[in-house]
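Please model the complete structure; the sequences and the hints are all you need to start from.
Here is what each chain is made of, one letter per residue.
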Amino acid sequence: MDSALIPKGVKRCSLPVFIAGLTPVVLVLLWGVYAMLLCWLKGLNQTNMNDSYGFALWIWADLAVIAIGGGAFFSGLLKYIFGKDELKNIINYAVLIGFICYSSALLILAIDVGQPLRSWFIFWHANVHSMLTEVAFCLSCYFAVLTIEYIPLILENRKLDEIPLIHNISHNMHGIMAVFAATGAFLSCFHQGSLGGVAGVLYGRPYVFREHILVWPWTFFLFTWSAAAFGPCFTILITKITEGITGKKLVKDNVISLLAKISGWMIFTYIIAKIIDTFYWATVTAPELGFVWSDFFTGDRSSVLFHGYWLLFAEIVLCGIIPGLILISKKHRENKTLLLTAVTLGTIGVCLNRWTMVMQPMAMPVMTFDSWNLYIPSWQEVATTILPVAYGIILIAISFRYLPIFPQEVELNPIKE
Amino acid sequence: MFWFSFEWVWDMGHIVFMGGLWYALGILGIGMSYVIIKSVKETFYEDSTGHGDNH
Amino acid sequence: MKLDRRSFLSLGVGASAGITLSPIPWKLMDDLSIWSQNWPWTPVPPDGKATYENSACTLCPGGCGITVRKIDDRIVKIEGMTGHPVNNGRICMLGLSGPQLLYGPTRVKSPMKKVGEKFKKISWEEAISEIVSKLDKLRSGGKPEALACITGTDKGTVPELLKRFLTAFGSPNYLRTASVNDSYEIIMEQMQGVRTIPGFDFENADFILSFGSGIIDGWGSPVRMLTVNSLWKEKGVKVVQIEPRLSNSAAKADKWIPIVPGTEADLALGLACVIIKKSLYDKDFVNRNAVGFENLKRFVMNKYTSDQVEKITGIDKSVIEKMAVSFAKASSPIAICGKGQGRTPGSINEFAAVHALNALVGNIDKKGGVFATLPPDYIRWPEVIMDGVAQKGLNTNRIDGVGSKNNPAGYLLNRLPKKINSSGKSPVEVLFVSGANPCYSMADTHAVNEAFDKIPFIVSFSSYMDETAKKAHLILPNHTYLERYEDVPVSANIPEQIVGLTRPVVKPQYDTMNTGDVIIRIAKSMGDSVKDSFPWSGYESCLKQTLGGSLNKLARKGFLIAGNPRSASGKFRFTPAVINSDARIEPEGDANAFPLILIPKDSMRLTSGFIGSPPFLVKTVSDTVLKGNDVCIEINPETAKKNNLSDGDYTVLSTPKGSARVKVNIFDGIMPGIIAIPRGLGHTAYDDYLAGKGINYNSLVGPVEDPVTGLDVAWGIRAKLS
Amino acid sequence: MKKERIDKKFGMVIDLDACTGCGSCMVACMAENNVPFKKDETNKLDSITWMRVYKLTNKKPFPETEICYLPRPCMHCEGQHSGHSPCVSVCPATATDYDMDTGIVSQIYTRCFGCRYCMAACPYHARYFNWWDPVWPDGMEKSLSPNVSPRMRGIVEKCSFCFHRYQLALDKAYVKGRRELKEHEYQTSCTQACPSGAITFGDLNNPDHQVHRLVKPDNRHHGRPTAKNAFRLLERLGTNPKVYYLSSKEWVRRAGDNYLDNEETGKPLNLMKELQPEPH
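These protein sequence lines are chains A, B, C and D, in that order.
What the first sequence shows, in the working numbering, is residues 1 to 417, in sequence order.
What the second sequence shows, in the working numbering, is residues 1001 to 1055, in sequence order.
What the third sequence shows, in the working numbering, is residues 2001 to 2722, in sequence order.
What the fourth sequence shows, in the working numbering, is residues 3001 to 3280, in sequence order.
Simulated from the structure, these hints should not be mistaken for laboratory data.
Among the hints, erroneous ones may be present.
Straight-line C-alpha distance at most 30 angstroms; calculated DSBU-like pairs for lysine-lysine [claimed, not checked]: (1) LYS2507(C) x LYS3039(D); (2) LYS2255(C) x LYS3060(D); (3) LYS2235(C) x LYS3182(D); (4) LYS3059(D) x LYS2642(C); (5) LYS2663(C) x LYS3038(D); (6) LYS2233(C) x LYS3055(D); (7) LYS3228(D) x LYS2255(C); (8) LYS3249(D) x LYS2233(C); (9) LYS3249(D) x LYS2322(C); (10) LYS2235(C) x LYS3059(D).
Printed below as a string of structure tokens:
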């Protein structure tokens, strides 16, 4: 039915099967859209956020999707700047994942602000000292870059490519893609960092406040580093999932292995930096502000459950050191199970890191007579957070079906007549 | 964002920060304009077979 | 085909580019944000001319002066009146919330008549003729005493008009809601020979001994007390607070002494014993200005030695002795009583014992002491004209039994429910209720409501749809204090005689009428001698004639310090019949079935009298007092442990009078075995900002009569948690 | 290096010994500033109270228990360098601003787009978000003051030190030909209402003003109070607040900040370091 649109040389399931498969995802998407509309029309009273928990699930989701979307900028950086040419076989997918992550982040932000109709004031009345301004600028610019990187992919659709103008545009865009990618890498470094800065500059919140280097707190560098380290994990994870669902090998092992190796070393070095940061924070920063380390993790009964030491262990050891060690060993990363374990743990690890940086400072009292707060998101928050996942699945499915995402697919999956 | 909004100050912060923004936007804008103009030219004003096709 | 697609695409691309580059999206973005800044459903208060007017606050008996800020004809803020002798520019949260009462949804907007279960709007003419016909029937039936009236205060022209109406009509059954002042009036009469409320010269006192009085929780004139409390801090005046719970007053006192509740009189007598034993009393005063000292001496030396009192009160002997010495050695010590805000009268023993302390140290009728301040006496009206029916009616026994058995109390409203409930047919056939909400504020709400249900015709003069108004058959809404003239005689333990004046700061917002006018109109419509007792054309002319020359001064300044402020009393009597320790007031209930004791707690953030808490007040109530619609009880960790409860748990609180689901708030500042519950919640009337929140303390407690006075002096009730 | 500012620096001193926790300040503030109210305000985490009275206890068992009330308006922090308040520095849209002339941290309701970053930044929970549309019962909007605009849903609001009163007082003074205000001419609504007289308000930089005399702020060290019994909330975070507290009770002063066990109240190690004389 839609065979004219499907790339040459690949096999896709029939349209009805495709639609049937997507239906449940679309239903989830609609649920999310409904929740989103509720939030827009009725306001943020639809959430369980409150004056203590002004930043909550959504901000975490934002930070998390941007961190795991970091695979796009980092593989772009590796390919276009450091010349790792093998990565061209996965870069399309990394770009697509990045595009989904970043558009999701923007959507969530648009729901999260109390006055979305005025959100452009962040540009118009920009306060250049605010990390959030830096985030907004870099985020939207980098989203533009990702769009520019994604457009040629769309234009390469078999049918569109037949139009000369479109063909020329996509061709010419490829021509100067390195310039865009470089700009994107620059922007991305900054906004990943400034997202870290968002938390690190809060000098009223000892849990997240960090000492500064120039104008940036430690977290600035840790966030960039961790996004670069864990972003590729997510790219590999999604690639593997896609391969699992389609039942096809889409990217050659050497490509994956290369990306995994780089990711592994990044994680390994990052986690060392993170441990040093944690140590310094616990032994120097916190005591100067009148806190002992345990104040951060031992609140009342319920808060320990949500904000106890286990989080720190999970983030640093379980989802940091372990995936790092797996991925830097050639033997282990070429073991399919271990590789999957490592990239899964890595993805969880970076999300956990973002979780603690957003949720813990909100939960923790700073005034001595204040108390720990516990927050459980409302269904509207959960639905709008799942919404991007559904949207991502749909966009990946459509893109995979109609666009030549994986250059190695034809070679790896020859069609037997 | 612009020098005519009242919170604007001509200080290092604004110059570096806004400079960065306009620089990035500039690259993207010029880059895309270049691509479009070039493509339109190639499509409508030149022989469309004139360039080497790489796929 | 190819051409078509190309032109279509070009068109699309061109159109998008065109729209993007055109001002349309940018203008739209701008317009939308401007719209979001001016949402039509977010009110924009109109600007206008700002003016200030002085008036008086009547929301509690405190008697503060207020300055009302207006924008054109809207009241936008109420502030304290600078230079006012009571509050000098300061104000409490209830006073600040006045505009919410004026403009709030609880107002009764016109005369209302109950038809079936619902109220129907009627005209003033209809309303008055309806009452008149009911009243005429009573008089023609020869039982004018079947008319009764309940007011919140018996001072001032409007209560006097009501009283006068009942007298002219022929009913002795004018009743007033009770308060701590009932006990104080009796004590002042018995010990100092003047029936009045004592005025305490706190400003000049240097030691305060409070037997559970909520000095800064709303006792007396709240703003004055708060101001005085700061003055004490400044001057280093010692304040000792004796009560089982760490109230704000206890927290801010120099010393908090927890006591077994109900044993306050014993402690006071114990202190007297120490003072007498150590010969620290004012011999000069005792010899020259007092009688009966020897009796008291014998009495306390015999039964109230420190050892004995320690056992009764649970207070360490050394603490008692130290306290007595500090009290006696101070130059102007004052001992006060009346628990919490003084919402209920107290045991006459306790009041007598405590007041005896003031006399022992000779701090009577002098600077920094206790004055027998008479209420301002400016209401001098011609004699009431009574016909035969009235004479006969007035000679009947009062429904509350006052006057029959040498009873010292002025009013015993607490006996009304029982009286009605025990009769087959209600002896009260028409009831006026003005400035009071007995269906909420009297103990044993259930019995009170049952009694009110039996009364055939209830007329409420309330400005607000309160619990009693809801029960009424006819509501004749009064103007609020911001819409009417009325004299406000202040009687809140202030030594000076102060009269304030409310004035119509704004014109009446609804179809309401000053209760004074309504009474005069009803009287004038009565076909007989009743109307002759009301020679005034209306309330304002009555007020003008009453106040005479002072009116101008009152109107100009907003208050008046009337005449000689302090009246000297006679010889102090130390041994009135009322000191009798066997009459300690025990809480109702069986100690085995109900091992705990429930006491109320008062706070400045909730009202518990006639005025319901406006939304601002409820908003400030802590979440350890009210959470959602659940009330929190305060218990000691030890009590919690014994009852297997943790903080935040839900449990059922039961007393002999009722039970309720409550939330547990564990608090170290309360004696083990005691449960405290906030007063002022559990309304069934008023608006959604107040109704249905928490439990009414009065629904859990029953009246306990003082054996001497007959007043309801219950200070708590036995309870259990399960 | 630091230059002495001669600008005004409005601040508040709250005497916790005098404060009775009656709550007048809270309502005075709500009435003055058109603060809305909901049917259920018992969830204190979404209840807008620019001025909130906290109840502190010494955490000792009966009968040694003590209570202290602590009114908490916006602290109008100055931060470590002028205007670097925790909240002002993070607001992306310049919707909250530090006024260099008065030291007042403003909030521009029509510019705020509700990102709540300032709330995350404020350790005092002095900032409140309008989760709901403000709704007054029918007729009660008549009690709203035209001097403060009611806030729309979806934005952040907070105590402004009744800035509109400053403007009104200035207008009045200008008419009389004066450029300077007298101390009593500009007072916040809570200060005016407080029945205990526990709140004092004025210019911290003016040695004649009561607030200055009460706490003797040391402007060379970010306004640290030098008077006995004076302290600020979370002093050691470096927020440099303009609300000072007085308490004669050590446990109350200690509750004002976070201390390590070995530190003396009022003398945290990091601030003591800062107070060392500079080497040059």
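(message) Hint by hint, where does the structure go against what was stated? Just the numbers, ascending.
(response) none
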